[in-house]
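Visitor: The lines below spell out each chain.
Protein chains: 2
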Amino acid sequence: MNATEKDSGEVILEVEEKAEAAKAAARTLATVGTAVKNAALHAMADALHQHRAEIRDANAHDLSLAHDKGVAPHMLDRLALSEARIEAMREGLTQIAALADPVGNVLSGWRRPNGLQISKVRVPLGVIGIIYESRPNVTVDAASLCLKAGNAVILRGGSEAIHSNTALARIIAAAAVEAGVPEGAISLIENTDRAAARHLMTLNNMIDCLIPRGGASLIETVVRTATVPVIETGTGNCHIYVDAGADFKKAKEIVVNAKCSRPSVCNAAETLLIHDSMVEEWGGEFIAELFADLAERGVELRVCERLYPLVSLFPALSGRVKPVTDDDYYQEFNDLILAVRVVDSLETAIAHIARYGTRHSEAIITEDYGAAQRFVDEVDAAAVYVNASTRFTDGYEFGFGAEIGISNQKLHARGPMGLEELTTIKYIVRGNGQIR
Amino acid sequence: MNATEKDSGEVILEVEEKAEAAKAAARTLATVGTAVKNAALHAMADALHQHRAEIRDANAHDLSLAHDKGVAPHMLDRLALSEARIEAMREGLTQIAALADPVGNVLSGWRRPNGLQISKVRVPLGVIGIIYESRPNVTVDAASLCLKAGNAVILRGGSEAIHSNTALARIIAAAAVEAGVPEGAISLIENTDRAAARHLMTLNNMIDCLIPRGGASLIETVVRTATVPVIETGTGNCHIYVDAGADFKKAKEIVVNAKCSRPSVCNAAETLLIHDSMVEEWGGEFIAELFADLAERGVELRVCERLYPLVSLFPALSGRVKPVTDDDYYQEFNDLILAVRVVDSLETAIAHIARYGTRHSEAIITEDYGAAQRFVDEVDAAAVYVNASTRFTDGYEFGFGAEIGISNQKLHARGPMGLEELTTIKYIVRGNGQIR
Numbered sequence: 001m002n003a004t005e006k007d008s009g010e011v012i013l014e015v016e017e018k019a020e021a022a023k024a025a026a027r028t029l030a031t032v033g034t035a036v037k038n039a040a041l042h043a044m045a046d047a048l049h050q051h052r053a054e055i056r057d058a059n060a061h062d063l064s065l066a067h068d069k070g071v072a073p074h075m076l077d078r079l080a081l082s083e084a085r086i087e088a089m090r091e092g093l094t095q096i097a098a099l100a101d102p103v104g105n106v107l108s109g110w111r112r113p114n115g116l117q118i119s120k121v122r123v124p125l126g127v128i129g130i131i132y133e134s135r136p137n138v139t140v141d142a143a144s145l146c147l148k149a150g151n152a153v154i155l156r157g158g159s160e161a162i163h164s165n166t167a168l169a170r171i172i173a174a175a176a177v178e179a180g181v182p183e184g185a186i187s188l189i190e191n192t193d194r195a196a197a198r199h200l201m202t203l204n205n206m207i208d209c210l211i212p213r214g215g216a217s218l219i220e221t222v223v224r225t226a227t228v229p230v231i232e233t234g235t236g237n238c239h240i241y242v243d244a245g246a247d248f249k250k251a252k253e254i255v256v257n258a259k260c261s262r263p264s265v266c267n268a269a270e271t272l273l274i275h276d277s278m279v280e281e282w283g284g285e286f287i288a289e290l291f292a293d294l295a296e297r298g299v300e301l302r303v304c305e306r307l308y309p310l311v312s313l314f315p316a317l318s319g320r321v322k323p324v325t326d327d328d329y330y331q332e333f334n335d336l337i338l339a340v341r342v343v344d345s346l347e348t349a350i351a352h353i354a355r356y357g358t359r360h361s362e363a364i365i366t367e368d369y370g371a372a373q374r375f376v377d378e379v380d381a382a383a384v385y386v387n388a389s390t391r392f393t394d395g396y397e398f399g400f401g402a403e404i405g406i407s408n409q410k411l412h413a414r415g416p417m418g419l420e421e422l423t424t425i426k427y428i429v430r431g432n433g434q435i436r
Numbered sequence: 001m002n003a004t005e006k007d008s009g010e011v012i013l014e015v016e017e018k019a020e021a022a023k024a025a026a027r028t029l030a031t032v033g034t035a036v037k038n039a040a041l042h043a044m045a046d047a048l049h050q051h052r053a054e055i056r057d058a059n060a061h062d063l064s065l066a067h068d069k070g071v072a073p074h075m076l077d078r079l080a081l082s083e084a085r086i087e088a089m090r091e092g093l094t095q096i097a098a099l100a101d102p103v104g105n106v107l108s109g110w111r112r113p114n115g116l117q118i119s120k121v122r123v124p125l126g127v128i129g130i131i132y133e134s135r136p137n138v139t140v141d142a143a144s145l146c147l148k149a150g151n152a153v154i155l156r157g158g159s160e161a162i163h164s165n166t167a168l169a170r171i172i173a174a175a176a177v178e179a180g181v182p183e184g185a186i187s188l189i190e191n192t193d194r195a196a197a198r199h200l201m202t203l204n205n206m207i208d209c210l211i212p213r214g215g216a217s218l219i220e221t222v223v224r225t226a227t228v229p230v231i232e233t234g235t236g237n238c239h240i241y242v243d244a245g246a247d248f249k250k251a252k253e254i255v256v257n258a259k260c261s262r263p264s265v266c267n268a269a270e271t272l273l274i275h276d277s278m279v280e281e282w283g284g285e286f287i288a289e290l291f292a293d294l295a296e297r298g299v300e301l302r303v304c305e306r307l308y309p310l311v312s313l314f315p316a317l318s319g320r321v322k323p324v325t326d327d328d329y330y331q332e333f334n335d336l337i338l339a340v341r342v343v344d345s346l347e348t349a350i351a352h353i354a355r356y357g358t359r360h361s362e363a364i365i366t367e368d369y370g371a372a373q374r375f376v377d378e379v380d381a382a383a384v385y386v387n388a389s390t391r392f393t394d395g396y397e398f399g400f401g402a403e404i405g406i407s408n409q410k411l412h413a414r415g416p417m418g419l420e421e422l423t424t425i426k427y428i429v430r431g432n433g434q435i436r
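The listed protein sequences correspond, in order, to chains A and B.
Residue numbers for the first sequence follow our numbering, beginning at 1 and rising by one.
Residue numbers for the second sequence follow our numbering, beginning at 1 and rising by one.
Honestly, I wouldn't trust all of these hints.
Since the list gives no way to pick one copy over another, a pair counts as held whenever it fits inside one copy or between any two copies.
Unchecked claim - Simulated pairs of lysine to any residue, SDA-like, Cα-Cα distance not exceeding 20 Å:
1. 23 <-> 348
2. 322 <-> 78
3. 249 <-> 292
4. 120 <-> 420
5. 322 <-> 49
6. 120 <-> 402
Just so you know, these hints were derived from the structure itself, not from any lab.
Please construct the entire structure, taking both the sequences and the accompanying hints into account.
Guide: Shown next, in the form of structure tokens:
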């Protein structure tokens, strides 16, 4: 056995041991009452506060290694656990404890002609694998949501946060066990080798579902590698379509909000579609005012050939506007960049969204009832908006009280995922001797 | 370009063209009304009847090729399309037309403090790929269910049924188009090369979901190969647990029914667990009567060491009983074979099911309220039964009026899948200028 084989054996051993333990824990956890789960969440919150010095030490270790490697400042910021961020995690645990437990809810029930009584009951998924990047707070957020919904969780964070994640996972897992949660219900893969993540993604008999949280390339890797079912999250190439007859003020406020309030997130707008009549009727006014507003906020505009000759002359946009390419329409910029296209009709807008969009969040700004109806009927996306910002696609904004991510696929969960999306169902069938 | 590259290019071309067409069709189909879909289903039914000679000719071609290849008689039977089977497909189409359309149902709706009105609405999945084996009736059954739920479907059947499948798919697709369904909504991959199926399984941007229908090895291949989300169907290693104090008659009838009524299907029982007290109290009586009944129906018994010395002496079981192995407990025999184990408690029965089961359908036979409650709470399976046969896990028996398969996974759909399981949701959010 050479060194690599030995390492690979150790990697596999750690992953399988933790997965086995998680599977066993999940069996018990499925029948643990809400009171025990809530007590564990409060105990985890207390433990974070008690052990905050230890957490900050571990985090300082990660930050120092990252700094030595020359990691960019905005990445260091993601990695950092300030007192305030530890407090926020603690607060999050308390909030999740306060949410209603979805497990055990009867979704429907009926009696068959042969007397069988069938109930469709919400139960935990079982074992959930979370694969994420550099933000160590995901360790606590994801573990607490999984726990509240009765699931065991196996965490696999980014290598740059390994000391922070290990400290956090050990602290919360110990507190949870102390409060009555079975051993193994919360665990973190400590080996940062990629082989560990790969192995985790193919343990179909032990893991019920994988949720990747991070950038497009992480998600792509998980989708391509995993044989365990994946809930794909993330990519959002969202559009705002300003229809003929849109309200000037609403349109402007929504476009600015959807682009500028937090450009790095998946529900930010990437392309603005404007009905030709808005350019015609309002002439310079709407375009000039909106674009000047965006430019003032640092937005770079990539505009279609219909608009370019017009807006490239605006002094306020100097250096902030350039011609759009077809490739731009496919981009999730995640930045202060906005593609802009003038369309001749609602149909063209809908077709543009169908072609370039990622089916995440799409909005129409209109005062026309028929156009609003047609847009919500025909646009295929997790969330379709009329006269509101795409930025509302979020578990908290939807009122779910929590969010594990935003599903970008159609199976199982679509859009913001709260506690219910971390459960499945089982059918309970009560009879008195029925045979078929 | 050599011959293989050319073939492979052609394979890819066919799959991508059909997937593109399906994706375009799905966009239209999502907004097509129930009346058009039902008219199409009736037209498809009529077309099957009208073209039955053509279907039987194509099927005769497949049967003759299969016969020449020395295909086993039971496989030839699966492949054969008699007049009665064509009539059954026709009847199935009419029944699906009569079912309620799930598309457009509002599952829930609420208003947020900021005035946003959110509705969660049932919409079609989009494009569904069905990968199946030798039964050509799947072509019609799957296409009709997908269509009724507003989805485009791409079919990929077994090579031995290619002429039958091609004839069926062309006939029903033409009838559907004639009735107003968009072109491309129903298509069959005609190239029988495996590369075609492999390519289909990785078209994540065009196909929303894959449903494999067939034996364990087909399903395993799809799960391992696909990057498109899969709904895993099928494998059922189901148990009947006869608890202490079970009703003698119910227990016997249910065990015989669950094992013998159709041993080849996934909801048939594979292992019988018997509480020790049933052996003690009823002594020879229960065991002798049950086993003699099973033996009479041709069942081979593989029994644990507690029972073997007892039952190997029964003359009625001569040649029909042998010692069970640990491996037997993992088997889905799909045949007239039953593993039998005596357990010392309900806990041991539940632990056995957790270890060896496939989480499909599990039954307890008991008159004890506490045991029944504990079994339904603690056993993790798509369907958990009290005093009824596992054979009821079926879309028709559950009252869904149809079935595309039985999901054996926890994401999206679990247990029998009817029309609702072929849909997803979208959130429609109506505002009046809200920004975040």
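Visitor: Does each hint fit the structure? Answer for all of them.
Guide: Now the hints, each set against the structure:
1. Proximity of residue 23 to residue 348 under the C-alpha cut-off of 20 Å is restricted to the inter-copy arrangement: shortest distance 17 Å between copies versus 50 Å within a copy.
2. Proximity of residue 322 and residue 78 under a CA criterion of 20 Å is satisfied in neither setting, with 31 Å inside one chain copy and 63 Å between copies.
3. For the homomeric pair residue 249 and residue 292, the shortest alpha-carbon distance inside one copy (14 Å) is at most 20 Å, but the shortest distance between copies (83 Å) is not.
4. In this assembly of identical chains, the alpha carbons of residue 120 and residue 420 lie at most 20 Å apart whether taken from the same copy (14 Å) or from different copies (14 Å).
5. In this assembly of identical chains, the alpha carbons of residue 322 and residue 49 never lie at most 20 Å apart, being 50 Å within a copy and 61 Å across copies at closest.
6. Taking the shortest alpha-carbon separations for residue 120 and residue 402, only the inter-copy value of 18 Å comes in at or below 20 Å, while the best intra-copy value is 24 Å.
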